[in-house]
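A.B. asks: Make a model of the complete structure from these sequences and hints.
2 protein chains.
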Amino acid sequence: MEALKQRILEDGLAIGTEIVKVDSFLNHQLDVAFIDLIGQEFKQRFGDIMPDKILTMEASGIPVACFAARHFNNIPVIFAKKGLPSTMNEGLYHARVKSFTKGILSEARVSQKYIQEGHKILIIDDFLAHGEAALGLISIVKQAKAEVLGLGAVIEKEFQGGGARVRDLGIRLESLAVIQKINDGVITFR
Amino acid sequence: MEALKQRILEDGLAIGTEIVKVDSFLNHQLDVAFIDLIGQEFKQRFGDIMPDKILTMEASGIPVACFAARHFNNIPVIFAKKGLPSTMNEGLYHARVKSFTKGILSEARVSQKYIQEGHKILIIDDFLAHGEAALGLISIVKQAKAEVLGLGAVIEKEFQGGGARVRDLGIRLESLAVIQKINDGVITFR
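Protein sequences, first through last, are from chains D and R. For the first sequence, this note's numbering assigns the number 42 to the initial residue and increments by one for each residue that follows. For the second sequence, this note's numbering assigns the number 42 to the initial residue and increments by one for each residue that follows.
Read the hints as simulated data drawn from the structure, not as lab findings. Mixed in with the good hints, there may be bad ones.
If chains are identical, the list can't say which one is meant, so a pair holds when it fits in one copy or spans any two.
[Stated by the list, open to error] Straight-line distance between alpha carbons at most 20 Å, and here's what the computed PhoX-like set of lysine-lysine pairs gives:
| # | residue 1 | residue 2 |
| --- | --- | --- |
| 1 | Lys143 | Lys123 |
| 2 | Lys139 | Lys123 |
| 3 | Lys84 | Lys46 |
| 4 | Lys154 | Lys62 |
| 5 | Lys154 | Lys186 |
| 6 | Lys139 | Lys62 |
| 7 | Lys154 | Lys183 |
| 8 | Lys46 | Lys154 |
| 9 | Lys62 | Lys222 |
| 10 | Lys62 | Lys84 |
None of the values given here were measured: they were computed from a predicted structure.
C.D. replies: Dropping the structure here:
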């Protein structure tokens, strides 16, 4: 997605060799009109599939998943929760997920009510780095005996290997911007 | 908002005297078309103000804030973060916030880059219970020497006092559904 690559180059901040900060428009401050275009792009890339629901990870996957859902006939979005609210006490699927940027291990949970056997699920997230969140979400869909139709990532950092891990599972991956390397503040796209 | 009250009665689950679960459409599984209507309602209620930005709390405030922003000419949304990503290291505003449903104390953070002196801010959140999150967000806006034009809550649990605390600060509050009490599984609206 050309407009996304341009936006990353203009407003993103490359740090060291591992991190690109896009918190001015994607994951702290949100440019909702732009994220809606991202949602539309996911619909184009996945135009041939008919998911029942979109699954994402809180928190920064939520805006992208919501705007994508608008373009998929307003199908429901489910976001996996990392905390454990007292209101969440019924049957849960869970997966242990390590956050790359926070460096902490957390438990992602989804209520069994909302993903059921046979559901066709599209997974959407903001970043695909080492693939921890993606693999956790895939595991949750498998626990439900539901089907992953595909995984859409806004930004894939190819050099961290998450994309390869997802494809190795036979899962179709669409990344809107693929970063090959980050070096001395310079971002190189594939 | 009549459609919201109906939806709470149909799909919500009242537990004890304190909790109403709306995770089938508002804060775990998301009905994006319905949340867009909620956003439209906020625009109607706050039709006379012109905020520069919308501020919300991760995670479940995000969808409501995003869809509200669409109806306010796509103004930016900022969500306060509860974790501390390694990518967030510059100047931060923070507020200590106790989650009613999770029972834990966390630190909400907003980058100083995104709220600045003189900004006019609309705060949006899914629930207003004891007011902890609301007061934390108000404190963050004040730290920035910015102005709170108003606070919009999807569901206010009036009996928990958060609404009174917000109004006592002289802040305009619009709650789309106000719950007066919860008793034996029965929800009474004001």
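A.B. asks: Using 20 Å as the alpha-carbon threshold, which applies to Lys46 and Lys154: within, between, both, or neither?
C.D. replies: Neither: 38 Å inside a copy, 22 Å across copies.
A.B. asks: At 20 Å max between alpha carbons, let me know whether Lys62 reaches Lys84 within a copy, between copies, both or neither.
C.D. replies: Cα proximity of Lys62 and Lys84: none, with 25 Å in one copy and 31 Å across.
A.B. asks: Pop the pair Lys62 and Lys222 into one bin, within, between, both or neither, using alpha-carbon distances up to 20 Å.
C.D. replies: The answer is within: 14 Å in one copy meets 20 Å, while 44 Å across copies does not.
A.B. asks: From the Cα coordinates, with 20 Å as the cut-off, is the pair Lys139 and Lys62 best called within, between, both, or neither?
C.D. replies: within (19 Å within a copy, 28 Å between copies)
A.B. asks: Within a copy, between copies, both or neither: which one fits Lys139 and Lys123 at a CA-CA cutoff of 20 Å?
C.D. replies: Result: close both inside a copy and across copies, 11 Å intra and 16 Å inter.
A.B. asks: How would you classify Lys143 and Lys123 at a CA-CA limit of 20 Å: within, between, both, or neither?
C.D. replies: The answer is both: 13 Å in one copy and 11 Å across copies each meet 20 Å.
A.B. asks: Using 20 Å as the alpha carbon limit, work out where Lys154 and Lys186 are close: within a copy, between copies, both or neither.
C.D. replies: Within one copy only: 13 Å inside a chain, 44 Å across chains, cut-off 20 Å.
A.B. asks: Using 20 Å as the alpha carbon limit, work out where Lys154 and Lys183 are close: within a copy, between copies, both or neither.
C.D. replies: The answer is within: 15 Å in one copy meets 20 Å, while 41 Å across copies does not.
A.B. asks: My question is about Lys84 and Lys46: at a cut-off of 20 Å on alpha-carbon distance, are they close within one copy, between copies, both, or neither?
C.D. replies: within (18 Å within a copy, 32 Å between copies)
A.B. asks: Regarding Lys154 and Lys62, is the shortest C-alpha distance of 20 Å or less found within a copy, between copies, in both, or in neither?
C.D. replies: between (35 Å within a copy, 13 Å between copies)
Against the hints set out earlier in the document, violations occur for numbers 8, 10.
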